[in-house]
Each structure stands twice: as structure tokens, then as C-alpha cells.
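Given the coordinates of chain A, assemble chain B onto it according to the supplied hints.
Just so you know, the protein sequences line up as chains A and B, in that order.
Quick note: the first sequence uses numbering that gives the first Met the number 0, first residue 0, plus one each step.
Quick note: the second sequence uses numbering that gives the first Met the number 0, first residue 0, plus one each step.
In case anyone wonders, no lab produced these hints; they're calculated from the structure.
Accuracy of the hints is not assured; some may be wrong.
As the list claims (entries may be wrong) - If you only want the chain A side, here are some residues facing chain B, beta carbon under 8 Å, derived:
hint, residue
1, Lys24
2, Thr54
3, Asn100
4, Ile172
Built from N, CA and C at the ideal position, the CB exists for glycine as well.
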Amino acid sequence: MKQHRWLKIILLCLLTMGLAGCWDKQELNEKAFVIGIGLDKDEEEGKVKVTYLITNPEAGAQQAGGTTKEPPQEIISLVADDFISSRDTANAIVAKSISYNLLSVLIVSEDLARDPNFIRLIYSAAKDREIKRSLKIIVTKEKAEAFINNNKPKLETRPDNYFGLIINRGQKIGMIPDANLKSFFTDTEGDADFFLAIYATTDKEQRDKENTSDDNLIAGEIKEEGTSNNTEMIGSAVFSQGQMIGKMTGEETRISSLLDDTWNAVDILTAYPDPFDERYRLTVRMSKQKNNTYKLTNDYGRPHFEITVPLYIEVLSDPSMVNYAGNKQKVVKLKQYLTDNIEKKMQQFIEKTQKEFKGDTFHLSVPFRKHFATLGEFRDFDWMKTYPDAEVNVKVEIHFGEFGRQTKLPKLKEVRD
Amino acid sequence: MLKEMFQVFKKRKQKPLSMQQQLVGEQTELKEQSISSDLEENFQTLKKLFHIPKNNDVKVRELYIEGLNKKACLLFISTISDVKSIEENILKPLLTNKSGKEIKEIVSIQAVTEIHLFKDAVKNLNQGNTVLLIDGCSQGFAMDCPNFQGRTIEKPNTEILIKGPKEAFIEKVDVNISLVRKKIKDENLVVESIDVGARSKSEVYILYIDDLANDKLVENIKNRLNRLDVNSIQNLSLLEEYIEERSYSLFPSILSTERPDRAATFLEDGYIVLLMDNSPDCLVLPATFWSFFHSPEDHYLRFLYGNFTRALRMAAMFITVFTSAIYIAITAYHSEMIPSELMLAIAASREKVPFPAVVEILMMEFAFELIREAGLRVPSPIGPTIGIVGALILGQAAVQANIISPIVIIVSALSGLSSFAVSDISLNFAVRLIRFVFIICAAFMGMYGMTAFFVAGVYYMVSIKSYGVPYLAPMSPSYKSSSDTMFRRLLRNEKFRPGFLKPSDLQKKQ
Numbered sequence: 000m001k002q003h004r005w006l007k008i009i010l011l012c013l014l015t016m017g018l019a020g021c022w023d024k025q026e027l028n029e030k031a032f033v034i035g036i037g038l039d040k041d042e043e044e045g046k047v048k049v050t051y052l053i054t055n056p057e058a059g060a061q062q063a064g065g066t067t068k069e070p071p072q073e074i075i076s077l078v079a080d081d082f083i084s085s086r087d088t089a090n091a092i093v094a095k096s097i098s099y100n101l102l103s104v105l106i107v108s109e110d111l112a113r114d115p116n117f118i119r120l121i122y123s124a125a126k127d128r129e130i131k132r133s134l135k136i137i138v139t140k141e142k143a144e145a146f147i148n149n150n151k152p153k154l155e156t157r158p159d160n161y162f163g164l165i166i167n168r169g170q171k172i173g174m175i176p177d178a179n180l181k182s183f184f185t186d187t188e189g190d191a192d193f194f195l196a197i198y199a200t201t202d203k204e205q206r207d208k209e210n211t212s213d214d215n216l217i218a219g220e221i222k223e224e225g226t227s228n229n230t231e232m233i234g235s236a237v238f239s240q241g242q243m244i245g246k247m248t249g250e251e252t253r254i255s256s257l258l259d260d261t262w263n264a265v266d267i268l269t270a271y272p273d274p275f276d277e278r279y280r281l282t283v284r285m286s287k288q289k290n291n292t293y294k295l296t297n298d299y300g301r302p303h304f305e306i307t308v309p310l311y312i313e314v315l316s317d318p319s320m321v322n323y324a325g326n327k328q329k330v331v332k333l334k335q336y337l338t339d340n341i342e343k344k345m346q347q348f349i350e351k352t353q354k355e356f357k358g359d360t361f362h363l364s365v366p367f368r369k370h371f372a373t374l375g376e377f378r379d380f381d382w383m384k385t386y387p388d389a390e391v392n393v394k395v396e397i398h399f400g401e402f403g404r405q406t407k408l409p410k411l412k413e414v415r416d
Numbered sequence: 000m001l002k003e004m005f006q007v008f009k010k011r012k013q014k015p016l017s018m019q020q021q022l023v024g025e026q027t028e029l030k031e032q033s034i035s036s037d038l039e040e041n042f043q044t045l046k047k048l049f050h051i052p053k054n055n056d057v058k059v060r061e062l063y064i065e066g067l068n069k070k071a072c073l074l075f076i077s078t079i080s081d082v083k084s085i086e087e088n089i090l091k092p093l094l095t096n097k098s099g100k101e102i103k104e105i106v107s108i109q110a111v112t113e114i115h116l117f118k119d120a121v122k123n124l125n126q127g128n129t130v131l132l133i134d135g136c137s138q139g140f141a142m143d144c145p146n147f148q149g150r151t152i153e154k155p156n157t158e159i160l161i162k163g164p165k166e167a168f169i170e171k172v173d174v175n176i177s178l179v180r181k182k183i184k185d186e187n188l189v190v191e192s193i194d195v196g197a198r199s200k201s202e203v204y205i206l207y208i209d210d211l212a213n214d215k216l217v218e219n220i221k222n223r224l225n226r227l228d229v230n231s232i233q234n235l236s237l238l239e240e241y242i243e244e245r246s247y248s249l250f251p252s253i254l255s256t257e258r259p260d261r262a263a264t265f266l267e268d269g270y271i272v273l274l275m276d277n278s279p280d281c282l283v284l285p286a287t288f289w290s291f292f293h294s295p296e297d298h299y300l301r302f303l304y305g306n307f308t309r310a311l312r313m314a315a316m317f318i319t320v321f322t323s324a325i326y327i328a329i330t331a332y333h334s335e336m337i338p339s340e341l342m343l344a345i346a347a348s349r350e351k352v353p354f355p356a357v358v359e360i361l362m363m364e365f366a367f368e369l370i371r372e373a374g375l376r377v378p379s380p381i382g383p384t385i386g387i388v389g390a391l392i393l394g395q396a397a398v399q400a401n402i403i404s405p406i407v408i409i410v411s412a413l414s415g416l417s418s419f420a421v422s423d424i425s426l427n428f429a430v431r432l433i434r435f436v437f438i439i440c441a442a443f444m445g446m447y448g449m450t451a452f453f454v455a456g457v458y459y460m461v462s463i464k465s466y467g468v469p470y471l472a473p474m475s476p477s478y479k480s481s482s483d484t485m486f487r488r489l490l491r492n493e494k495f496r497p498g499f500l501k502p503s504d505l506q507k508k509q
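Looking at chain A on its own, in the form it has when it is part of the complex (with noise of 0.2 Å):
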């Protein structure tokens, strides 16, 4: 007896796990990996040209059995109603099942982004299950197609280990913003900051600027030679209320990362002219190793905002040859002159925020929160039309780290001799 109730049970267990199992089964072969998805307008009103960038996994695999000569990605473009609805009529031409399980980049062309309606075209991303949130957007200068077609790595032979990287290095050193899909949302919703896209293109535009230092620079303005891609990723686009209003250059997005607490970039190299001769510059690595203090007054109903940002740096060249780490004076007008001119130039970005955008780039909300007590005092506040007339003060705190590796440098003058 005992044996047939055991015989039931394990016959109930496979009849169950046959009728309801495998439903969602799906082998990794049987999948085309989408790692980048494009956009662009289409002249039809309400449809959009999506670009798929597929990686191919076999590229580049050593295998025992034979490794194949198939090119590293495969790029279709095709028309349709969004990018949700698009994996479908794309499986025409793919012969896999297309996945979103690899996607990692949404590059969309400047053109879209500008457009009032793109909002309503990014929010199918929060719909859809595979789609994660840490999308990261790509603002192109040209057409997302164009981009995608242009885009050809040389030593990251599969895009998404091109795109996880460059995007991965340019966070660090605060050349470009952290710019996922998920903050996208929150500072749509949020209605005080504005967000921050990546700026990237292939479409290089040679511009002759002197005197203006490494990364004044926005995408498509690197003076670059070799055999290197075209991709350049350096600056940012930036948001307001779902829409793109306007770009900064790597610069100005370091500026922002430093007045930012929420994202940090950690290993900013950046030059200033030299104090002690002004035909050269100072090379300084910058890092922000404690958050910023914010402040805020109220004088004559004006809001009055004042930032304290710390800063550790570390002074890397001495172009003048002046041995300034020896000397204490000169170390201390070394520290003034830095903070003078940093502080002035982020003087300058928050007027530019005030004046050209009409709003923040650095989530200054989030820390001024808390001095409200409920939502709807914040609200009232109106963030959005308080903050261009409001008072923004910088105040920069700089701690010297060491200077170089070695500190000495010979006299010019002995060496000369």
C-alpha cells in the first residue's frame, strides 16, 4: 500500500511539473542579445526609426569545436510604433529570438530628444519587464543610426563590452554623467532638477580653439588622429521635463559632478594657468573625498543657497620649474590662486544654469529638501521658477594632497649651464 501512495505521489509531481513547467523556457543560443537600441524620427508622424545593435556572442570565443569568422555585432534599422513593438517585426529579418536581457545603452538622436514627444516614447521602457533600469541614455549628435553604423570599436571586439567600459571610465573621471534610466524618471517626476544625458557623436567637427584647456570640450570637438574609432563620448545633454533643451561641455559636466553629491566623479584631471607663468598650466588631479555642505537663507524672500565644496587635489606639473612644494608662501598663493579660479568658474556654470537652462543640472534640490517640512511646502516653493533668481554662492575648500610623485624639480637654471 505504502508503496502505491508513493508511486502516486511522484506520478502527480511529474504530471504537474510537465503541464505547468517550461513555459518560459528559453536556451541561451536560442536568444539575439540587443545591447544598444536606437531612435530616431521618422517623417511619419508618430512613428519612430528604431535601430537595433546586436552583439553576436561567438565573436571572439575560442572554441573547441571551430571558431567562426561571423562579423562581432548586426545592425537593422527598421520603422515602427515604439521600441517595444519593433522586437517583433525586427524578428523578420533576426533569426533569434530578439532579448533585452543584455541592453545597455538607448541612444537617441539629438533631433528626438529636442522633440516634445519623446517623453511619451521613453516611458514604454518603464513598462517593459526586460528593459533594466540602469539603461544608460546616449545623446547623438547625428542620427542614432548613423551613430550605430559609424561606432566600430577596435579593441573591444563586442559592443557591450565597448559600451559598458568607455561608459564605465567617463563616469570616473566626470567627463561625462551618470545617466540612467531610472534617474531619468526621477528627475522628470521629481519637477526641480533636470537630468543629465551622455553626449556623444561620430560626426567630427574640426574647431580650432586655442587657449582652452583638455576639456572645454564637447563630443565632436576632440582634435584626435589615428586609427582609432570615430566615437567620441564627452559632455552632456541635458533634460527638462522629459525633453532636451540645451548641452554642456566635459567641462561643464565635471563642474556639475563636483557641485552634485548624489553621483561622484572620482579622478578628475584638469589644468589651470600656472600662477607663477602665465604662458603655462598646472596639471591638477581633483577628487572630492567628503560631500559638500549646503546652506540655506532666506534674505528679502530671495533664497539664498550657499555650497561649500571640498576638494583634495593634487598638483602634478610645475611647467615655471618654480619648486613651488618647498616653499610655504608660494603653496598658500597656490591654494588661493586654485581657489579663486575654481570657484569662479563654477560661478560661471551656475550662471549659465540660471540664465540659458532656467534650472539646475546638479540635483541642488535633494539636499534642500529637508528644510521643508511636507511636500506641499516644497511645492509651493516652486523650485523650477524660484532657483534662476535665487542666490547661488560657491565656496571651494582645498586640501593639497602631494605634489607628484617627486616634489623637486631641478633649477632650470643649473640645468642650462
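Below, chain B alone, put in the same frame as chain A:
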């Protein structure tokens, strides 16, 4: 309809007759007779019982005892008795004796018992003793001189340690008892024996420490052994299945060990140990999950080292059970869980393989089990073949032929290798079998199926008992004990005997 389907499988079982009643050819009636005073008659009866002269090694020596002036007859089975001792200590004194002394005073053998029934004569002879029958005497004398052949004490073969005692039980039970007594020099260590088997009377020895072990438990086990109604039980491995509570269960409920030091440790904690002739091991009961999971070396090694081994073993157990299943679940259902590089690597390796991941895994796991089984049974001169076949053909060639993806080889090798870290053979089998169930669950339902089965499995493990002791005690339910479960404590902090055994004296140190 299901009911009807099951009707097909139904077999009418009849309760069999008691073994004692249907022993054909056992000449039970003859055995029940008492020994008469007529030597010739007795001799004929024994001849019948032992099939003399058909039976070649049953020796009969007729002799005349001068001192008593009587004819006598000496019977023994030469292959299992000490012939030299018989010659020296029985035959010689009897033949040279001229005085009228009692038999017990003539022979110089350590134990001489009087027997009155043929049953006893038969039993003694079968145990290697010598029986002396004297004309005109209505009793016989059984003299102790068994000499069974066997091997000497050797190193343990299956439970191998680096640090710790290195002697193992052998097939002779008196040697085994001696090994245990050597470790527990305590007069309270009781060695009781119970006969099992109606035809071949084998003795099962029950060892326990009288004032420690729970009386009810001892009684329970004795009852179980007494109730056994079988012709013969050759050794403990067979006995285990007769006395265990859940024969269909995946989990073992009686611990078998070949290490006397381990048996002694269990005895001192209030467990009961069973020993038997022909068994190079002992049974320890009741057993919990932890007793299978532990190894004596955990305590022999220093605190940290021992616990490291435990952690390693636990990890290995989980790897064995879960790796293959997780691989299937993740690749077939939850591919977003894998980091993108790894996912693409797996996808690339699966590109040219014809079978779904489940089939691949099952093939490899099955192949691994085959290699293991074949490696165990293969005669040692052709042993190296297994390695070549296993490594080359199944590993390399299968990948090159695009039948198996290389990552599957890694997964199944990892789970196979880890399974060896579970040293207890019973638990090892349990873990390996459970692995297959998990693979099936993962194949059908992904992670959800695995979780469901795992939860069900934990429910089951918590619910089962071994001789009244919950399987996961003292972890769940909690008992007062030294909490020697997943990890051990410092020896000086292990103050209590396991509370779930209800020992008479709970505290073992201050």
C-alpha cells in the same frame, strides 16, 4: 481513472508464516531432544544433525578415558576451532589422565560448560567449540576453543584521517569489542548479545554505557532485534535495513562507521552501538543529520582548522546539490541574472551544441556517475583505463565533437568533485540522488521549482526522526547540547551530552 490505473499495480500481499514454523530440513525435533546417557545413540543423533560423514570438516574423535573407565567421543569442526589447543589442552589430558577426577578438572581449557540439549551442542559446535560426550553421562561438555580465520587490524579504508587514531574495525567481533573497550575503560560499558537469524545464529552485540544511555532506547532496540524473524543476517550492513525506520527515505537514519574511536565517542555521549561478526564496522543509533555530516577529524584538528573543514564540507554539499541545477535554471529561465560577459560566453559555447542544457547536464552527470561506479568495480590491473576513458573521451572529445559545451564539463566536474567531500557513504548517496531531483525541478520550473523543492525537502528533513530523535536535532528543534552542528565549539565549551538522547547524565564537564 487514476485509481483504476493504480489497481493494476496492486499486488495482494499475504502475511507470511513465521520463519520458525517453516524451517524445512532443520530437524528441529532432533535438536529439541535432550542428550541421553547412551553414547552410541547420542553419536548417531549428532551424526544425523551434522551430516557426517558427508560433512568433511566435522571431526569426530573417539577415545577411552582411562581414569573414568569410560568411552567418550570428541566432536569439533576443524576449520573453525583451534586444533592445537584441542590437542594440547583437551585430548592430551584426557588420554593421559589416570585419576578419577571430574572432566572439568582434567581439561585445561578456560571455559567448560555442561550442556543437556542437542540444540546447545549444535550451537556450540557451530561457534567453533568442542563438544565432549561421555558414555553413561546424560550431559555433554562444551569447551571453548574457537579459531575463526580473519584478517588482522588494519588502517581504515573509507574514513581516512590525517590526524587521529588509525585502527579500524575488522570482521571479528571480539577484536572489535576489544578495540572499543580499549578506548572506554569503564565497567559500565555493557556488551549485550542477541541472537538473530533462525538458521544461522549470528549474534548482534549491543554496546552502551549503562548509566548514560536512555533505558527506553536500549529496550526499543532490543525489541526490534528480537522481533526479527529471518533465516540469517550475515552482517551489519544487511541488519541496518531490517531495523531502520524509513527504508524508502532518501536520508539515512543509522550511522555506520569503521572507526572504533568514533564509536567510542558516540558511546560516551549516550548513543548505542551495534557490533556483529563479519562486519568491519559498527552501527550507531540514533543518528541525526549532523552525525553523517561530521567527521571525527573535525575534533582532532585544532579549533579553526576543524571548523574550516566543516565550512568547506557544507559548501561542497551545497555545490553538489545545486550547481548543475542552478546552471540549468539560470541559462534556461533567468538569463538576466548572469553578468553579461559570462552570459555571452555561455551563449557562445552553446551555439553549436545540439541538445538543450538539461540533456547536456544529465548526460555529463550520468557519465560521471558511471565513471565513479566503474572505477569502484574495475579490477585494479585495468584501473588506469577508467582515467583515460573518463578524461579523454568524455571530457575533451565530447567538447571537440560539439556534443557537450565546455562549461557543462566544468559544472558537472565541480559538482562531482564536491560530492566527494561528503565522506559518509549514505549521506553521499543521498546528496547525489537529490542533485538529480533538483536538476529535474530546475529543468521544468527554473529557480522557482528548485526553491519549491528545497522548501519541501527542508520540511521533510525537519519532520523525520531516527529512533524518536528529530533528524536535525539539536538545531531544530533546539535541545540542550554542545551545539555541535554546523560548526563545533571549543572542546572545553562542549559541556553537554546531546539532550535529544535524554541521557541520564546530561553534563559531561564543568
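Going down the list of hints, with the structure as the test:
1. Lys24: At about 5 Å, which falls below the 8 Å cut-off, the nearest Cβ of chain B leaves the hint on A/Lys24 intact, so it holds.
2. Thr54: holds, 7 Å
3. Asn100: holds, 5 Å
4. Ile172: violated, 23 Å
Checked against the numbered hints above, the structure breaks only hint 4 and satisfies the rest.
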